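J.: Whenever a hint applies, use it, and build me the whole structure from the sequences.
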Amino acid sequence: MELSAHERAVAEGAEGEASAMAMRIVAEAGRLLGAPSLIEIASVHVDGCLYHGDSGVNFIEHLVSEDGRVCVPTTLNVGALDLLHPERVRGDSHFRDMARRLMDGHLALGCTQSFTCTPYQAGHRPGLGEHVAWGESNAVAFANSVLGARTNRCGDFLDICAGISGRAPFCGLHLDENRRARAVVRTDSLSSSLKDTDAFYPVLGAWLGATFGETVAVIDGLPRVLSDDRLKAVAAGAASTGAIGLFHIAGVTPEAPTIEAACGGVAPEAEISLTADMIRQARNRLSTVDDHCIDAVAVGSPHFSRAEFDALASLSRGQRFTIPFYACTGRDVLAALEADGKRTALEAAGVIFVVDTCVVVAPILPEAGGVLMTNSAKFAHYGPANTGFDVVYGSLSDCVASASEGRVVRDETVWR
Amino acid sequence: MAVTLTGEVLIDGTAEGPLFRLAKPISFWGGVDPTSGRITDPRHPDYDACVAGTVLALSETIGSSSSSAVMLELIAAGLAPRALLLGRPDAILTLSVVVAREMKFGSIPVLRVPVETLPDSGYAYIREGGKMTFET
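Heads up: the protein sequence lines correspond to chains A and B, in order.
Going by our numbering, the first sequence opens with residue 994, and the numbers climb by one from there.
Going by our numbering, the second sequence opens with residue 1347, and the numbers climb by one from there.
Quick caveat, the hints were computed from the structure, so don't treat them as lab data.
Please note: incorrect hints may appear among the correct ones.
Just some of the chain A residues that point at chain B, by a computed CB distance under 8 Å [said to hold, decoys possible]: (1) Met1014; (2) Arg1017; (3) Glu1021; (4) Leu1026; (5) Gly1049; (6) His1055; (7) Gly1235; (8) Ala1236; (9) Tyr1375; (10) Pro1377; (11) Asn1379.
Given the structure is predicted, the values throughout are model-derived calculations rather than measurements.
Note that the Cβ used here is the ideal one computed from N, Cα and C, for glycine as well.
T.: Following this line, the structure appears as C-alpha cells:
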C-alpha cells in the first residue's frame, strides 16, 4: 500500500486531526482490500447518517470537533428521523437527540442535506468512468451499473472519510478487470409481458443477488429501454439478497453494448437461462406469509421517484385506503409534488409521506405489528428482521388494491 | 483434539472464545441486533444465536454497507465477537475495528482464513501473527 507524499503528510496531521484520521482510515481500508494505492475521487454518497448507536455519533462529532470538512461534493443517505414530519418516527428523547445529532454532524462536515437513498434521482449523477466513493448498497449498484461510474461498496465511516480525504482505495470496481461480467443470464424464455411489468424488476434483482453473491453478471434479452426506476429496482434487490455492486444489461447499461463487450472478450464462467419458474420462486421468497389480511403497505425502497408517484396517483384515484399506506421518498421529490398540487390528492387516498428516512430503518410502522405488503424487494428482504412484520410482495397495483381491501389482492396472471 | 492453523493477519491481536461458524453469510445491518449481538433475521439458519463473545467465522459479508455501524456499536458496547475469521477480506466489518481503534473503543483480531478449513465447532485461541488453535 503506497501513499503519495501528500497523502502521507495528511495522514500524519499536516492538515489537522480530522483529515489525518480520515486519511488513515481510508489507507487502512486500502490495506485491508489489498489496494496498491489510493485514488482521487470526484464525489461521495454517505450512508453513515443513519443512527445505529451512540458510537457512530461520537465518531462524527469527533471529526466535527477537529474541524473536519468534506473536500468533494458529498450527498447524504437517509437518517433515522423524518425532519419534516417529526411525529412519524417513534422513539424516546435519547434516540431522537442522537439521531438528530448524527444528521446535524454530517451537515457540519459540509455534506448536502439530501437525506435520500436515491441520490442519482436527485441530481447526483457521476459520469461514465468517473471514480467516486459511495455508500448505500442500492446506490452503489446503480452508480456502477447504470451510470458506469466506479465505486466499491463503501461502508459507514469509509464513506465520510473518503469525503474528507478525497480518496478511496484503488481496487475492486475501480479497475477494468473487475468490471467485466463473469456470468451470463439469458432471459429468452421469459414472456415479453413479464419483462414489461414493473414488479418483475425487483424480483429479477433479488434472484440475481441470491444466485451470484457478488459476481458480476450480464443479463441478456431485456427491453432496450428500461426506466431508471426499473433499473434501481434491480440494483436494490440484487444488493439486498447478495452483495452485487455491479451488473450489466446488454444493450441497456453503458459498459454492455453487447454480451461480448460486457464479458471483456473472455468466455463467461457461468451461463444461466432464467425460467418463469425461477422467477416465481424468487418472488415467493420475498413473502413470509401468503394469502392474508394486511396491516400496512409501504412503498419507496429505494425512495419513490416522481414517476413512481405519478403511477401511484393514477392507480389510487378515487380509492380510500383502509390501512396505512406509507410512501418513502426524498424531500426534493416531496417538494416537487407539493409544487404540482399532487401531494394533496395522494393524501386524500390515504398515502402517508415519509421523507429523509424510511419504514425499515426507523420505527414508523404501527407498533402492534402484523403483515406489511410492499412492491419493494428491499423492504421485503429487510422488513421481517428490522420491523417484526411479516411481508407480502406484490406489484404497485396489487399494493393499491390490497390497501383498499385490507387483505392481499394479487394479480397472478403476469407471473405465468 | 487440538487443530492449529495460521491465518493472514488483517488486524493483529490475541483472543479466545467458542468458535461460531455462521451457516450462511449475513448482513449485520438488518441481521444482527446492535444492542445484544443476537441474530435477528428469521430467515437466517443461525437465527437467535448470539455473536457476542464468540470467535466468529464467516465466509463473506453480504447486504447493507451499514453493517460497519452495527459492528462499531457492538465493539463499543462490549458485545462484539472476540475475533473475526473471514473467508475473504472486507472493508465493512474489519473497517469498524480500525475505527474502534482510532476512537480508542478497543480492538479485536481479524484474520483471513478459508472458512471451510476450520473445525465445525470448538474453543478457539487466537495469538499474534495469525496463529489459531482450536480445541474440539
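J.: The hint names Arg1017(A) as touching chain B; please verify it with the least Cβ-Cβ distance against 8 Å.
T.: holds (7 Å)
J.: Once the shortest beta carbon distance from Ala1236(A) to chain B is found, is it less than 8 Å?
T.: The hint holds - Ala1236(A) has a Cβ within 8 Å of chain B, the shortest such distance being about 5 Å.
J.: Against chain B, is Gly1049(A) within 8 Å by beta-carbon distance?
T.: At 5 Å from the nearest chain B Cβ, Gly1049(A) passes the 8 Å test, so the hint holds.
J.: Does the nearest C-beta of chain B fall within a distance shorter than 8 Å of the C-beta of Met1014(A)?
T.: holds (6 Å)
J.: At a threshold of 8 Å, is the proposed contact between Gly1235(A) and chain B supported by beta-carbon distances?
T.: Check passed: Cβ of Gly1235(A) comes within 6 Å of chain B, closer than 8 Å.
J.: Any CB of chain B closer than 8 Å to the CB of Leu1026(A)?
T.: holds (5 Å)
J.: Would you check whether His1055(A) satisfies its interface hint, that is, whether its CB is within less than 8 Å of any CB in chain B?
T.: holds (7 Å)
J.: Please verify that hint: Pro1377(A), Cβ, nearest Cβ of chain B, below 8 Å or not.
T.: Since chain B brings a Cβ to about 5 Å from Pro1377(A), closer than 8 Å, the hint holds.
J.: Would the hint on Tyr1375(A) stand, with a C-beta cut-off of 8 Å toward chain B?
T.: holds (4 Å)
J.: Holds or violated: the hint that Asn1379(A) contacts chain B, with Cβ atoms closer than 8 Å.
T.: Where the cut-off is 8 Å and the nearest Cβ of chain B is about 5 Å from Asn1379(A), the hint holds.
J.: Report holds or violated for the interface hint on Glu1021(A), using the least CB-CB distance to chain B and a cut-off of 8 Å.
T.: holds (4 Å)
Every hint, counting from the list given before, is met by this structure.
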